[in-house]
Each structure stands twice: as C-alpha cells, then as structure tokens.
Amino acid sequence: MRRGLPTRALEPIDLKIADNDFVTIIGPSGCGKSTLLRLVAGLDQPTTGRILLNGKPVSAPGPDRGMVFQSYTLFPWLSVADNIAFGLREKGVPARERAKIVDEWLANVGLADFAQHYPKQLSGGMQQRTAIARALANDPAILLLDEPFGALDNQTRALMQELLLGIWERERKTVLFVTHDIEEAIFLASRVLVMTARPGRIKADVIIDLPHPRHYTIKTSSVFSALKARLTEEIRAEAIVAATALSPSS
Amino acid sequence: MKPLAPISNKARVALGILFFVLFFAVWGYATLGGYVSKTFLASPLTMIEEGWLLLTKHGFLLDIGITIWRVLGGFVLAALVAVPVGILMGAYKPIEAFLEPFISFARYLPASAFIPLLILWAGLGELQKLLVIFIGSVFQIVLMVAITVAAVRRDLIEAALTLGARDRGILARVLIPASAPDIAESLRLVLGWAWTYVIVAELIGSSSGIGHMIIDSQALLATGQIIFGIIVIGIIGLISDFLFKGANQRLFPWSFG
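Chains as they are written, first to last, in our numbering: chain H, 21 to 270; chain C, 1056 to 1312.
Same shape as in the complex, but just chain H (with noise of 0.2 Å):
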C-alpha cells in the first residue's frame, strides 16, 4: 500500500465455520474473498478484528490451517512424495511414520505410481491433487483452497470437485474453498457463502441440503439448478457493482 489510500477489501464481517462444514465462498473478483482466507490462514493480518480457531486467536501461519492455492506451488525440487511429506517433517514426524502417511495420501489422490516424479513432469491437475495430499497429510483443523481448480480445464476441473469431495465425505475436515464458479461452489458445498463487490461482505448464506455420497449428476438435476439460478442472480447484481467500480481489482 504505498501511495494513495490503502484499499478496504473487507467489510467487517462475522462469520462461525462449524466443525466439518464444507464452506465455499463466491463473489466476483476483487471482493476480498482470497483476503478473507489468507486472514484465515495467517498470512495477512486484519486492521481490525480477530479469526479464532477452536477458540484460540490466529496470528500467523501455523499448521493447522492447512492452505492450498491457485497458483502451482509444490517445491520444485522435491518429489511428489517429498512434497506431501514436508510439513510432516517441518514437524519432526519420524522417517517410518511420514512414509506411511504419505504412501496413503498418494493413494488418496491416485498418485502412487508418481512419488518419484518432480513437479514440473505433473499435469496440472496432478500438481494440484498433490498439493490436497500436501495440506491434508498434515491433518489441518481446516483446510483452506483459494480457487485450487482455477487454472485447471473443464474435464479436469470437474474430476478434481469429485475427488475433493470424496475425500471430504471420508474425512469430514472443516473446509472453506473459495471460488467464482458458481456450479462448483454449490456441488462442493454443505454452505455457501456469497460475497458482496469490494468491499467484500456476506450477502447471502445459503445452505446446500444434496445428500452424500454426491454424484457428478446431480449437477444436472432440478434442485440443483434451482441453487444455480438463485445464487447466479445474487452474483450477477454484484458484478455488474463490481465492473462499474471505478478503483482497480486486486
């Protein structure tokens, strides 16, 4: 923030996260979502306020808030393996222990035969289902993805959703996942949460009531598209504030 005023990118904004709720916040670009997580997560500080997990106060990264994000971030020069078995290490786990734990994400996320390759021989896809197993294998209090399948095609990106939700129907981790497509948002959730123009707040809070274990065709079923149309209506008000806004986004 230098020069000028510093942005105001959240509103002040309370918000409870159940324990092993599935949250997926939308809202159109530049409303703070990723700054809402990255609070969350530590990594940015509020001005004003405070994030409490479990009722402990956050003020810095910490491995419990396990954080994937859009961007490919595995350790280029680590092994598949070696990446799902950082923060097992950064933590001190023993040798014997780490290996059992990451053998098991890699079957998590359908990764075995590629423990031993680096990074930049992965898909995307592959790159970001190592970077789940990376946050996971750590056993987070909450998981957060900042837009984790944004860079990701289509096909890929609707195998990646069924994945995550597999693995969460079986481990039920708390999860906030932020994303602007509204489809994903609503299969992926139990809530969602819809945010408004910069600066962001919660507009709207809508609970999803699909049943578990979700299948990919329920996307094309009619409650399904009844949530798709409410929420797209809620986004679409705000875009339109968002794109007339005159100061830039983020």
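Just so you know, these hints were derived from the structure itself, not from any lab. Only true hints are included.
Pairwise CB distance ranges, derived in the manner of DEER restraints:
id, chain 1, residue 1, chain 2, residue 2, range
1, C, SER1159, H, ASP159, 38 to 48 Å
2, C, ILE1202, H, PRO66, 27 to 37 Å
3, C, ASP1222, H, GLY144, 27 to 37 Å
4, H, SER143, C, ARG1208, 16 to 26 Å
5, C, PHE1297, H, GLN175, 43 to 53 Å
Small disclaimer: the values here were computed from a predicted structure and weren't measured. Virtual Cβ for every residue (Gly too), placed ideally from N, Cα, C.
Starting from the known structure of chain H, arrange chain C on it as the hints suggest.
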C-alpha cells in the same frame, strides 16, 4: 528466416562451426596474402607452429596449469565467502541494508587497480594472484546470490509457512534449495570473469602463467605466441563452462532440461 523459428541441431552446429572457419579464413587471407605486416599479426600457421613450440619446448603446459590453479583457487575462496553472505543478505533485510550499499560500491572497484596495492601487501607470490581474483569475484557473487535468494517465489514461502515451517526451515528447506540452481548459474558466469582477472594479475609482476607468457612474447614481438595464449584461454574457458553446465544439470535435474 522467421523470428524465433527454431532450427535443427545439425544446422545449429554447422552454423557455429562456419563462423570459426570464416574467422580463420579472413585471418589467413589477411596475413598469408601479405595485407598485414607479419610483425603485427602472425598468420594462423605461424600461430600453430609457435604454439606447438611453446607446448613442447618451453613448458607452456606448466604455465597453463598454474593459471588454472590460480583461477580455481581464487574463485573457490570467493565462492566460499560470498555464497553464505549472499544467502543471508537475500533472506534477511537488515543484513541486506547493512551490506548492500558497501558491496554495490565495492563491486565497481576494478580488481586490476588493486594489483599494486596487493603486491605491497602480499608480495609477488601466489597469494597476491589469488587475492586479485578473490576481490574481482567476491562482491559480484554476493550481489547475484542475494538477488536470487530475495527473488524466491513468495507463494512457495507462503505454502511452506502454512505447512508449519519456521524461520530456519524457510531458510534451509525453501530459500536455499529454491535458489541453488540460479546460484550455480551465477557462479558459472563469475568463473568466466575470473579468467580475465587472472590474466591481468599475471601481466604484472609474475614469473609464470599464461599472462606472463603473453607479456614475454610482446617483448619478442612473437604475436603468434600471444594469439596462441589467448586462444588457449578461450578453449579452457569453453571447457570449464561446459563442465560447469553439465554439473549443474546433473545436480539440479528438477530445474534444467
């Protein structure tokens, strides 16, 4: 020719060799054809002849060996000091603020200008030659390493933080491995410059080495020998660059190729 259009490997090698052929052809034409006085420029044939004599009769191989040892010695000393300092400078902003202004200044001090001073301090021995190369290389390496380390992708550091890495872990297991290939490439570049410093150091107050041979040959007007010496430097430089590149590719398979 289209902009940026690739060419086959064969064509690349052939074109590369073609330039050398042309170079020697023009040189040969100018000297053997009598357009340039022999006193000022020896012909390629004379150069090879005199070079052969140097190698077989005058123990030039020993000079080559001494020069290589000086380059490597000075360079390795500089790298041992500069790489850790550069890493700390890149990683920690207060250290950068402390050292960067001085090193940016010191970088512009020509190593050759220190030679008279170094002769006073260290005499005419090997230490003085090593110091010239050391001074010529150390500041360059520090700055290049610092820039490389400071430019490590932020999102990799953030990813490591969310995985529970602390300060030491970020330094040892993110910043250093992430910048290692670029540090190695910087070293390769500086090694090339070290060759120019060593010759200058040997031109002044030296009794051995390639530079000493060149300055001796000047007194004898043996331009063939001078050119041979220069070409030997070029060939050694090419070989060391090739070896360095190969080593980097083997050490960092995840980054190159």
